[in-house]
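Peer 1: Each chain, letter by letter, is given below.
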Amino acid sequence: MKIHIKNGRLVDPANGIDAQQDVYIAAGRIAAVAAAPEGFVANRVIDAAGLVVCPGLIDLSARLREPGFEYKATLESEMAAAAAGGVTSLACPPDTDPPLDEPGLVEMLKHRARHPNFAHVYPVGALTLGLAGERLTEMAELHEAGCIAFGQANMPVVDTQVLMRALQYAATFDYPVWLQAQDPFLGKDGVAHDGEVATRLGLSGMPVSAETIAIATILQLARDTGVRVHLTRISSAAALEMIAAARSSGIAVTCDVSINHLHLSDQDIGYFNPHAHLVPPLRAGRDRDALRRGLADGTINALCSDHTPVDDDAKQVPFSEAEPGATGLELLLPLTLKWAAEMRLPLGTALARITTDSARILGLPAGTLTVGAAADVCVFDPHGSLRVTRDKLKSQGKNTPFLGMELPGRVRYTLLDGHVAYESRP
Amino acid sequence: MRNPQLDKNGGLQHLLTIDGLPRDVLTAILDTAAPFTEVAEREVKKLPLLRGKSVFNLFFESSTRTRTTFEIAAKRLSADVINLNISTSSTSKGETLLDTVDNLCAMQADMFVVRHAASGAPFLIAQHLAAMGLDHIHVINAGDGRHAHPTQGLLDMYTIRHYKKNFGNLVVAVVGDVLHSRVARSQIHALTTLGVPEVRVIGPKTLIPTEVEKLGVRVFHDMRAGLKDVDVVMMLRLQNERMQGALLPSPQEFFKYYGLTADKLECARPDAIVMHPGPMNRGVEIDSAVADGPHAVILPQVTFGIAVRMAVMSMLAGA
Numbered sequence: 001m002k003i004h005i006k007n008g009r010l011v012d013p014a015n016g017i018d019a020q021q022d023v024y025i026a027a028g029r030i031a032a033v034a035a036a037p038e039g040f041v042a043n044r045v046i047d048a049a050g051l052v053v054c055p056g057l058i059d060l061s062a063r064l065r066e067p068g069f070e071y072k073a074t075l076e077s078e079m080a081a082a083a084a085g086g087v088t089s090l091a092c093p094p095d096t097d098p099p100l101d102e103p104g105l106v107e108m109l110k111h112r113a114r115h116p117n118f119a120h121v122y123p124v125g126a127l128t129l130g131l132a133g134e135r136l137t138e139m140a141e142l143h144e145a146g147c148i149a150f151g152q153a154n155m156p157v158v159d160t161q162v163l164m165r166a167l168q169y170a171a172t173f174d175y176p177v178w179l180q181a182q183d184p185f186l187g188k189d190g191v192a193h194d195g196e197v198a199t200r201l202g203l204s205g206m207p208v209s210a211e212t213i214a215i216a217t218i219l220q221l222a223r224d225t226g227v228r229v230h231l232t233r234i235s236s237a238a239a240l241e242m243i244a245a246a247r248s249s250g251i252a253v254t255c256d257v258s259i260n261h262l263h264l265s266d267q268d269i270g271y272f273n274p275h276a277h278l279v280p281p282l283r284a285g286r287d288r289d290a291l292r293r294g295l296a297d298g299t300i301n302a303l304c305s306d307h308t309p310v311d312d313d314a315k316q317v318p319f320s321e322a323e324p325g326a327t328g329l330e331l332l333l334p335l336t337l338k339w340a341a342e343m344r345l346p347l348g349t350a351l352a353r354i355t356t357d358s359a360r361i362l363g364l365p366a367g368t369l370t371v372g373a374a375a376d377v378c379v380f381d382p383h384g385s386l387r388v389t390r391d392k393l394k395s396q397g398k399n400t401p402f403l404g405m406e407l408p409g410r411v412r413y414t415l416l417d418g419h420v421a422y423e424s425r426p
Numbered sequence: 427m428r429n430p431q432l433d434k435n436g437g438l439q440h441l442l443t444i445d446g447l448p449r450d451v452l453t454a455i456l457d458t459a460a461p462f463t464e465v466a467e468r469e470v471k472k473l474p475l476l477r478g479k480s481v482f483n484l485f486f487e488s489s490t491r492t493r494t495t496f497e498i499a500a501k502r503l504s505a506d507v508i509n510l511n512i513s514t515s516s517t518s519k520g521e522t523l524l525d526t527v528d529n530l531c532a533m534q535a536d537m538f539v540v541r542h543a544a545s546g547a548p549f550l551i552a553q554h555l556a557a558m559g560l561d562h563i564h565v566i567n568a569g570d571g572r573h574a575h576p577t578q579g580l581l582d583m584y585t586i587r588h589y590k591k592n593f594g595n596l597v598v599a600v601v602g603d604v605l606h607s608r609v610a611r612s613q614i615h616a617l618t619t620l621g622v623p624e625v626r627v628i629g630p631k632t633l634i635p636t637e638v639e640k641l642g643v644r645v646f647h648d649m650r651a652g653l654k655d656v657d658v659v660m661m662l663r664l665q666n667e668r669m670q671g672a673l674l675p676s677p678q679e680f681f682k683y684y685g686l687t688a689d690k691l692e693c694a695r696p697d698a699i700v701m702h703p704g705p706m707n708r709g710v711e712i713d714s715a716v717a718d719g720p721h722a723v724i725l726p727q728v729t730f731g732i733a734v735r736m737a738v739m740s741m742l743a744g745a
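Heads up: the protein sequence lines correspond to chains A and B, in order. First residue of the first sequence? That's 1 in my numbering, and the numbers climb one at a time after it. First residue of the second sequence? That's 427 in my numbering, and the numbers climb one at a time after it.
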């Protein structure tokens, strides 16, 4: 299969390209950019006039809900959502049921994911058995089975000695460890940022210190063990400052933020909107503003969707009882574009945070349209828009605080390994 | 985002919280309640305003006083009252809150009086009714988690107005466990909306919620300083289970520093009134000498509560 994408605006942040250039694809790879390779005859020509051609998006946190939570979502539904969102690679956290703590489960997931073949799936293995924070998993075996990193999803390791051992062991093999920073005690009951909104609504507050204390512990142990640590889904300005300071003192730490925390604050809980019940909680407006700047200046390395499909039954209950999380795969690109427009950022800078920068955290040579790279491509209409409705979302989860909003950008084609995985009409 | 308790014309569709309600709505409720206090003094304590209407008392959390006063209020308006103590019935069989509501709607309910342990539960019901197009069914929040207890806030305002005539020159202190108190939140919103120039909250830092000053109150941790020259002292109930965690060391120490005694009450104005939403813990948040003393208006609060609940029900029903 040979594909010629012509007349498009090619944005490839890894190579600093933002220009009208054609892309030529053969044998699942990028065969050439700008000028056609000699004798190239396309089986299919995609006219991308007025459209942006960029690397397929890489999402650092997308729950596919298999195994164990098939009533919330399935691999089929969520990989279709990924393709519709222009996402070609995604990392999935280990909080499935059972958790991804043994190689057989990981192999099964990788195998199952190859069948719909709408996106490359990179499991994050459990750092401890059952995510219980007590015993280490067989990290080397899990790595061989396909895990690209190890983490605890939203389950903090309570025992700091276990955490230190886990980081030491991961460092032995130079495996990255991805952690969501949340103190298990200060974070115990809180369902909303501890501030005016929680006070007004009578919701249990989760203080910022629940995040910063956990980050302090993680950074200290990262320094001692030399592990490569990635802090997923940070939520506060204070966290951002700590990470910047740690980095300048030589600790190898990266971090990401979710699309929800980039755009929303605790004010968006409104009248107890259960879709705004998230982990970590939406914080104050000044925190959100700091995260927006931090992502722009690169202090925050990448943007993720934190895709968490939740069934209606688990959301149609009072706010504090609602299962946290929001669907997001299909909103990653629109919310990146919205942020870029509001911050007046060049398109290449914005797209880097969901392509080449996230690829670097995954440790993969992806997220670029360099000649020879896998032909994972997203072609979108920057002037189109997406009205977020239950019907439009391909994800089985219809839970998002952006429901009803009109967001910029519309994916027209998603190519995975040189095959069209998704296309929509203009 | 429209305030879900107001209808398209700004009228009261539900009573879910005092937060965000206009001052004239609050005043209208108090004005409507005034003639209802006289009904209690009649030989036949009945008005026909809610005749033929079915009021469901939906209590997901146990309560004696609030449920009883709502029941009396509805019966004095001639409504049919059905009491459901759900903490011991359907949810223990696994039925969801909205399934319960749907079933009661199918029984031609006209009004739900809801108490629930989770903040926001009555909003969920109101939003569900709106989504189902059941605009003729009204919801009254009888206490949700730590969030709101609007009829308590209103009956407290009725009591203050009864004794102090107007709100514009008062200093009011709310004392005790503000953190866990839905009553305190409703009182604060009602007092600030009705124009009380100085609202204070008094308690140890463990029981004062974060950024509470943004609700328009001054925070005091020293009770004597906080009670200085106040016109109204509103005590809050301290639940026994708060003593088990790390919030407070002992009931004795709490009483010593934050319990209302005759001695501490001397800091307030000589004509100050003392209120309590009940049930009281004598010797924990309030001394019996004060609870039974000349400043206390605790029992009139209960009486006025019936009239205020009659007012809310009749206004919601459009009667």
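The set of hints was computed from the structure by calculation and includes no laboratory data. Hints may be right or wrong, so weigh each one.
[Unchecked claim] Looking from chain B toward chain A, a few residues come up when the C-beta cut is under 10 Å (computed): (1) Leu442; (2) Ala532; (3) Gln534; (4) Ala543; (5) His554; (6) His573; (7) Arg650; (8) Asp713; (9) Ala715; (10) Ala717; (11) His721.
Glycine included, every Cβ here is placed at the ideal spot set by N, Cα and C.
Peer 1: Against the structure, test the hints numbered earlier, and report the numbers of the ones violated in rising order.
Peer 2: 2, 3, 7, 8, 9, 10, 11
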